[in-house]
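Novice: Below are the chains, spelled out letter by letter.
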Amino acid sequence: MDNKLLFSDKLYIYLRLATAAVKSRMEYRGSFLIFFFVLILFYMAQLLTIGVVIQKFKSIGGWSMGEMAFLYSLLILSQGLVASLYSGLVDFSTQVRDGNYDRILVRPLSPLIHVIMNGFEITGVAHIILGIGSFIFANSFLDIHWGFINISMFLLVVLGGSLILAGIRIIIAAIAFWAINNNSLVHLFVYSSREFLLYPLNIYSGGVKFLLTFLVPLGFINFYPAHFFLNKSTGDMFHPIFIYATFPVGVVLYIFSLSIWKIGQDAYESAGG
Amino acid sequence: MTHFFETHLKFISKAFQRSIAYKLEYYTGLANAFLYIFIFTSVWRTVALESPGSLGIWTGDALVNYAILSTLIKVSYGRNEYLLINKIKSGDIAYDILKPYSIPIMYISDSLGVSVFQLFARAIPLLLFSIFFFGITPDVNMYKILQFLPAYLISFLLFLSFGFLISSLAFYFTEVFSFYILNSALITLLSGAVIPITMFPESFIGIISWTPYPYLYYYPTAILLDMPMSFSYNELLIRYFIQLFCVSSLAFMIYNSGIKKMEFAGG
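Quick note, the sequences are listed as chains P and R, same order.
One point on numbering: in this note's numbering, the residue at position 247 of the first sequence is 247, and numbering is uninterrupted.
One point on numbering: in this note's numbering, the residue at position 70 of the second sequence is 70, and numbering is uninterrupted.
I should point out that these hints are in silico values taken from the structure, not numbers from a laboratory.
Check each hint, because a few of them may be wrong.
Unchecked claim - Beta-carbon label-pair distances, calculated as ranges: (1) F37/P - M229/R: 51 to 57 Å; (2) F231/R - N139/P: 41 to 47 Å; (3) I129/P - N86/R: 30 to 36 Å; (4) T211/R - S233/P: 38 to 44 Å; (5) G60/R - D236/P: 19 to 25 Å; (6) I113/P - W210/R: 49 to 55 Å.
Every residue gets a Cβ at the ideal spot worked out from N, C-alpha and C, and that includes glycine.
Generate the whole structure from the sequences, applying the supplied hints.
Specialist: Structure follows, in C-alpha cells:
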C-alpha cells in the first residue's frame, strides 16, 4: 500500500494536513488573534524581566543589554521554526493514550510526519516576529558587520538551533511510546529547560554547563554561537570550536532523535484495551 | 452539614490521588521546580558578585533565599485549570448544577487537594533539598511564621480566584487558554515570582503594589525574609483582603452571569 503513493502524492497530503491544521486553528478568528497577541505579550514579559535585571545591574555574567538581546533573538528565532512545525509533538502522549495514534499507523504515510503536519501551528510566526524585533533591538547596541559570512553563519545557527529543539521534541514525544503520559517531561525539556538559555551559560555551575553542552545540548542554540558574532572570549567554554558547532550538533541530534522514535514505534503496543 | 464536609473531603481526596497517579510526572515536576530555583539562584549570585553596589536593600544571600522561597510558594499552589473549562465545553456542567454541591466550592476543594499534594510532596522536599544543596539558612522564627501564614493563605485564595475567573470566561469564549497565558505573563512580570518588585524603577513599584499580582508571591516571601515594606503589616493585610475581595467578586460575577446565560444545543 505504502509503495503505491508517489513522493509528490505524499507531499501533497502533508501540505493538505498542514493547511487543515491552520484552518482549524483559525476557525475562531477572534480567539486566534487574541492568542497570537497574548503569546507576543508573554514573551515580551519574559524579555522585560531580564531587561529590569540588566537595567539594575548593567550586565549578567559579563553580558550587556545588547548581547543578552542577541542571545534571546537566536533562541526565539530557532524556537519560532520549531513551534510552527513541531507543535504536534507536544501533546503526542494524548494521541497515544486516546488510541488516535493507532489510526495514523494504518495510513500509508510516515506516522511522524503525519503527527507533525496534523499539529502545524501558525502561531509560531509570533516567535519569529519577536525574534526579528529582538534581533533589531540587539543590533542597535552592537557593532556586528552583517557581511556574507555572518549572514550565512546566522542562518546556519538558526537552522541548527531549530534542529536541536526539534530533536529534543521528537525524543520526548517518543518516550510516550513507553511512558504513556509524558506531560511533565514535555514541560521540563521543551519549555522549562529553555529558561536556561535566557541567560548566558557562564553563570551556571560546571555540571550544568556540561549538561547543557553534552547531554541536552541547548547551549549550542545561542550561547556558543553568540561568541562567534560578538567576538567574545571563548575562555569560559569547554572548547573554542563549539562556536561553530551548532549546525553539526543539530544534524546529529536530529538523526539520533529519529532513531529513538523508530525504536519507540517498534516497541509501541497501543495503550487502549 | 456533615454531608457537606464529607462530599468536599472526597473532592480533596480525589484530587490528591489524581496528583500521585503518575510517578514520572511527580519526579519531573520536582526537577522542573528545582530547575527554576537553580536558574534564579545562579542569576542572583552572579549579579551580586559582579555589581554589589547595585543591590540596594538586598544582599546576595537574601536574593538567593528570595529565589528559593518564592519558587517554593509558587510550587505549593496547585489547581486543575481545566476542571471547570472542560465541564463548560462538554456541557457536563449542566449535570453538576443539578447535584447537591456548589461548583465554586467543588473547584476550591479540588484545588486544595492538588495543593496539599504540591505542598507536602513538592515544596517541602524541595525546601529540605535547597537547605542541603544551596546551604540556605532562612532566619525564620515563630513570629514571622505567624505573620506569613495569613498572607500565604489569602494569596492562595487569590491564586484560586484568578483561576476561577479565567475558567468562568469559558462561558463566553470558545478558547480561554489565551487568558491563562496573559495571566502567566503578568505573573512573570509583576508577581515577584521571577524578580522582586523592588528591582523595578521606583515609580513603577507604587503602581505594581495596587495590582493583585505582587500579593501572590512577593509579599509572602518578603514577610519571611523580613524585607522592608512601604506600609505596615496591618495595612498589608487590609490590602490583601481588598485584592481578594475584588478578584473573587469579579470571578463570581462572571461565573454567575455565565451560568444564567448558558444554553445547550443538544437534546
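Novice: Does each hint hold? Answer for all of them.
Specialist: Now for the hints, and whether the structure bears them out:
no. : hint                        : result
1   : F37/P - M229/R: 51 to 57 Å  : violated (35 Å)
2   : F231/R - N139/P: 41 to 47 Å : holds (43 Å)
3   : I129/P - N86/R: 30 to 36 Å  : holds (32 Å)
4   : T211/R - S233/P: 38 to 44 Å : holds (42 Å)
5   : G60/R - D236/P: 19 to 25 Å  : holds (20 Å)
6   : I113/P - W210/R: 49 to 55 Å : holds (51 Å)
The structure fails to meet hint 1 from the earlier list, while all remaining hints are met.
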